[in-house]
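Participant: Quick mapping for you: the protein sequence lines, in order, are chains A and B. First residue of the first sequence? That's 1 in my numbering, and the numbers climb one at a time after it. First residue of the second sequence? That's 1 in my numbering, and the numbers climb one at a time after it.
Quick caveat, the hints were computed from the structure, so don't treat them as lab data. Check the hints yourself; a few may be wrong.
The list cannot tell twin chains apart, which means a pair is met if one copy fits it or any two copies do.
What the hints assert, rightly or not - 30 Å max Cα-Cα, derived DSBU-like pairs, lysine-lysine:
hint : residue 1 : residue 2
1    : K119      : K521
2    : K139      : K115
3    : K119      : K139
Here the structure is a predicted model, which means the values were calculated and not measured.
2 protein chains.
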Amino acid sequence: MSTLTDSTYHSLIAGTPTPGNGGTVRAIDPAADAETGPEFTLLGTDQLQAATQAASEAFSVYRRLSPEARAAFLTTAAEKIQAAGEEIIATAMTETGLPEPRLQGELARTVNQLKLFAKVAATGDHFGVRIEPALPERKPLPRPDLRQVQVPLGPVAVFGASNFPLAFSVAGGDTASALAAGCPVVFKAHNAHPGTGQLVGQAISEAVAEHNLPGGVFSLVYGPGTKVGQALVEDPRIKAVGFTGSRGGGTAIMATANARPEPIPVYAEMSSVNPIFVFSSALAGERTALAEGFVTSLNGSAGQLCTAPGLIFVPEGADGDDFVAQVGTALAEASGFTMLTPGICSARINGEKKLSSIAGVSQVGRGAEGATENAPAPAVYTTDVATFLNTPELSEEIFGAVCLVVRYSAPEQLTAVAQGIEGQLTATLHLNPEDDADAVVARDLVQDLELKVGRLLVNGWPTGVDVGDAIVHGGPFPATSDGRSTSVGTLAIHRFLRPVAFQNVPAALLPEQVQDENPWKLTRRLDGQYQLAD
Amino acid sequence: MSTLTDSTYHSLIAGTPTPGNGGTVRAIDPAADAETGPEFTLLGTDQLQAATQAASEAFSVYRRLSPEARAAFLTTAAEKIQAAGEEIIATAMTETGLPEPRLQGELARTVNQLKLFAKVAATGDHFGVRIEPALPERKPLPRPDLRQVQVPLGPVAVFGASNFPLAFSVAGGDTASALAAGCPVVFKAHNAHPGTGQLVGQAISEAVAEHNLPGGVFSLVYGPGTKVGQALVEDPRIKAVGFTGSRGGGTAIMATANARPEPIPVYAEMSSVNPIFVFSSALAGERTALAEGFVTSLNGSAGQLCTAPGLIFVPEGADGDDFVAQVGTALAEASGFTMLTPGICSARINGEKKLSSIAGVSQVGRGAEGATENAPAPAVYTTDVATFLNTPELSEEIFGAVCLVVRYSAPEQLTAVAQGIEGQLTATLHLNPEDDADAVVARDLVQDLELKVGRLLVNGWPTGVDVGDAIVHGGPFPATSDGRSTSVGTLAIHRFLRPVAFQNVPAALLPEQVQDENPWKLTRRLDGQYQLAD
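From just these sequences and the hints, can you work out the full model?
Facilitator: Set out below in structure tokens:
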């Protein structure tokens, strides 16, 4: 099992520890507000090219692997991470302040996600093969033989998130889907959890070596501030970018990618307030469980989930008053959890200060501060729908357990809200589907929200993202930079592919995917009709 | 049948002729270098909002049409264009200088393309439905019910090309695929063929009316210069852009779209020199037919095809010398055709001047000028591979029948060429597949070129794009702004879609595509397995 010692650690360029010339960093234990763990050297931008060049060279081999070979590699990577799980979780707990059960769940998710993408790679559905054989007798012109296949874009730069040190970090969804697609990955380590990243990076590098793949299939690079990240996006060998983080960080990367001589796709997941729309019918019965469920969703992981609720719309009237009061009660019994970094904590405190100072906004309730450093109390505020619609700042995300209750007087006001909001990862409706009046409004609201979100839920909470074939974790700007995609689930593999057609190419020059013999036993389309693999 | 008279014509905003306040334009007959046909009023940017607002309102109805209803509308549009075909072709001949057989073929392609997208819309494969039913007993957490469907992005702005006044214009591929996806279209008319555009626009508008669809499903707008186009891309109601034209025009639209508060996808097809690689084995036998085939591909439509060959690599030695000589002979018997506009003709003449003045470049041969105005002689130049690799300007597109023959001494040099070129729509290999030595080089070259092109051909000519299920008309930048897509063929519908997931949404609130009953009889994925429609 890998263990971090007191020695100094480095970027893993094509599997090789590579001392950086850009200074060093140590992790901060946010619970103690103190440095912890070993030193990590930071790469200078002049050193980055070694990683991108290795990725570029590895690409020519890695992209041609058979589905089985790629799946086997991803499975080994998953197993290596699982094997190092105890040390990874212990390190992540110290570096992020996240509690053990949460990190155990996240480790399982990360491992299963790699195994899921191994299955995707093995099946090969993502090759999207389409074949139209030649029709020499067609009039007025013969039809050529045409065979289409999706090919990988090239080396991908991935930037991990602070809030998921495993599932959205070194071996997270972007890495898994890029590797499954056939793209080498250069991962920019998050300096908020350098040790966690090192352990996971070692596990992937070991899997690369064990399968005799070129080392450049995966590199982990530490860098100071944003310089190395920007240089990575500018590097001509990099052909796509995955990012999870702030709106400012994501839009900066978009600008850099668009300004390249050859612009490249950027998949940045950025900002979402995940509105919840509570209908009267949802409040007619038992309200305590609903209020408690809401506070649990709000306060879990200190509110540091991309899908945490930042806005909840509650009807005026006695039932709504009671629900809000019960939210206050549940909140009073809740305590703050340690936030990921002192910087994130201070941004959250400032965000709450700004919110509470806006005219027409008042406090519903607060919990207690947590016992550690950087553990502010969860808090809920309230305003009315008119104030909300007239105050754009009220739609801005506060990353942390702070939520705004917006009281509305008529369900039709929710339409104006839905049509006015920016793009979101999720929206949620709470209602009694048997209630005829609500059903009419809900039907329209669902259709409006469909244009604004990646995922729409009824009678649930947006936190908790099931990794599978049907999930969408995405949405229109600014939820992401590219709403045509998802960062979670099997569809994510399509981010890193593009179509190529082969016309009248002799069998000996055709890639396996489009050969008549179908050696990889792929599901393919023949003259527009699916032909299922057996 | 629609006929243009002497009266003045206008933009068709949601089907209604709308006089513009931005001046007027008339077509130029490039064969005579003289104005022709009626006047068309140009919209001021202040008038554009009527079209985008109508598109936005139409979207809420149009996007929910059943597959059959959308297919029926597209089929009617195809039939109306077919019915007006004689007048459309006569008008296009005068406005573009293109000959009748070419325009007859293009009309058939345009009509068939609309019918093909009607079929795509009817099948509904593009909804990409993925369903994972709830697993309440799953451990450690129950699985929610998740249902994914691809939804249309919203109103699309389309900019047509001058060189395909039908197949890449008002009712061209971008319009057809956007309408099939469920997106209303605001089409910016090309001022080089305003009458052709008017007739086709009338046909589509009639189809919209006949099917009782909101008029905003389709608008045709005339504008002065680039102002209206830029305002269209900036309009917040527009959610994607399709463009075919120059690299300068395409990159300007990309910049405008990226600078919006909400950036949107741009699909611009721009620039390609479509390299052809001739192997020794292809020259061992009969060379005359090959040389004649090449000159026909080069000179067809006056070289004004996106896939026209601009570069051809020919081995040194006697066979290669003879092939080049035969190209000269075939060229000497060829005449120039009328180009689309005086501006395009003058750019082509300047491009040839610049090419011929580069050190190390010499002329292979020229044809005769055409009998009309704006009909320069087709011309072929030559240089050696070292000069080519050291002179980046030699890779720039000259829009028109001008081609550069690059002589190489060793097939391995082609690898350096393939790795160095920019993104292309096509690349072509000519070889004898039975030749073992060539097969080895070709296999590597195919893999290098796969990273640079959208379509790879063997022993054919890149001009001629078959519209079907397997074609790719796209490629990495600068061939297009977004290599993840194609502008021709059924895959193009995916440009205008994005995924949405419904989680635990009651049946009554689910869209038809993901309902258990599968009322639209779609092919869907259930737990990751395709379930074919019957």
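Participant: Now, for every hint given, state plainly whether the structure supports it.
Facilitator: Evaluation of the provided hints:
1. K119 / K521: both (14 Å within a copy, 28 Å between copies)
2. K139 / K115: Cα proximity of K139 and K115: across copies only (17 Å, versus 49 Å in one copy).
3. K119 / K139: between (43 Å within a copy, 20 Å between copies)
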